[in-house]
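What follows is the residue order along each chain.
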Amino acid sequence: SQELEQSPQSLIVQEGKNLTINCTSSKTLYGLYWYKQKYGEGLIFLMMLQKGGEEKSHEKITAKLDEKKQQSSLHITASQPSHAGIYLCGADGEDTGRRALTFGSGTRLQVQP
Amino acid sequence: ETGVTQTPRHLVMGMTNKKSLKCEQHLGHNAMYWYKQSAKKPLELMFVYSLEERVENNSVPSRFSPECPNSSHLFLHLHTLQPEDSALYLCASSQDRTGGTGELFFGEGSRLTVL
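Chains as they are written, first to last, in the working numbering: chain W, 1 to 113; chain F, 1 to 115.
Derived by calculation from the structure, the hints in this document are not laboratory data.
Possibly wrong hints are sitting among the right ones.
What the hints assert, rightly or not - Below are the BS3-like pairs computed for lysine-lysine, each with C-alpha atoms no more than 27 Å apart in a straight line:
id: 1; chain 1: F; residue 1: Lys40; chain 2: W; residue 2: Lys17
id: 2; chain 1: W; residue 1: Lys56; chain 2: W; residue 2: Lys68
id: 3; chain 1: F; residue 1: Lys41; chain 2: W; residue 2: Lys36
Turn these sequences into a full structure, and let the hints guide you.
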């Protein structure tokens with residue numbers, strides 16, 4: 001079955017610092033999705049990447065897809081306390097005929113003022 | 001009104017109880033999902049209803065029973081649960097399309113505690 005491994009599992013940064021979260025798939029990536037979750041709440045969609053080499057940005061968050069490495073990275077520039085939360089990557093799951101997303105375990109981000 | 005609404009937000013039940021979780025989507029989507037989120041584990045897909053077809057994770061115990069009466073409503077019926085079933089249950093919806101799942105829209109979740 002497809003697995004998504006995220007690193008690091010948790011991260012504490014000072015406000016204003018940059019950070020990167022990685023997501024590596026055990027199988028071919030057809031579509032890679034990034035979500036953010038506040039503890040105990042639902043997931044908020046950030047962005048979706050589909051093509052190798054694709055890069056998307058929204059405000060201070062940039063995501064890239066390396067299709068050959070079956071990997072995606074999420075980069076936050078000049079982090080703020082509002083960026084704190086759990087970041088999850090998801091991918092179209094081959095196991096469900098790409099009818100649902102498979103998710104990683106998440107990266108818990110804390111931003112210290 | 002949010003796009004995907006889940007009720008109740010919190011539920012405490014004994015192992016012999018029968019309860020149901022409800023999900024309603026107001027986005028005009030044609031696919032709905034149940035995911036389970038346990039501490040320190042990846043989100044686990046439980047069930048998908050897409051174009052009236054059901055896809056399920058074969059590892060989900062039969063004490064969980066889904067029902068999708070129409071494209072806007074999704075239920076998860078619970079009976080004789082175990083303490084390890086305590087988790088956050090997330091409902092999501094999407095517009096089913098060829099070539100991939102597309103963006104999932106999630107509800108706020110139902111926090112279930114089984115005593």
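Here's how the hints hold up against the structure:
1. F:Lys40 to W:Lys17: Within the cut-off at roughly 26 Å; holds.
2. W:Lys56 to W:Lys68: holds (18 Å)
3. F:Lys41 to W:Lys36: holds (16 Å)
Going through the hint list in order, the structure satisfies each hint without exception.
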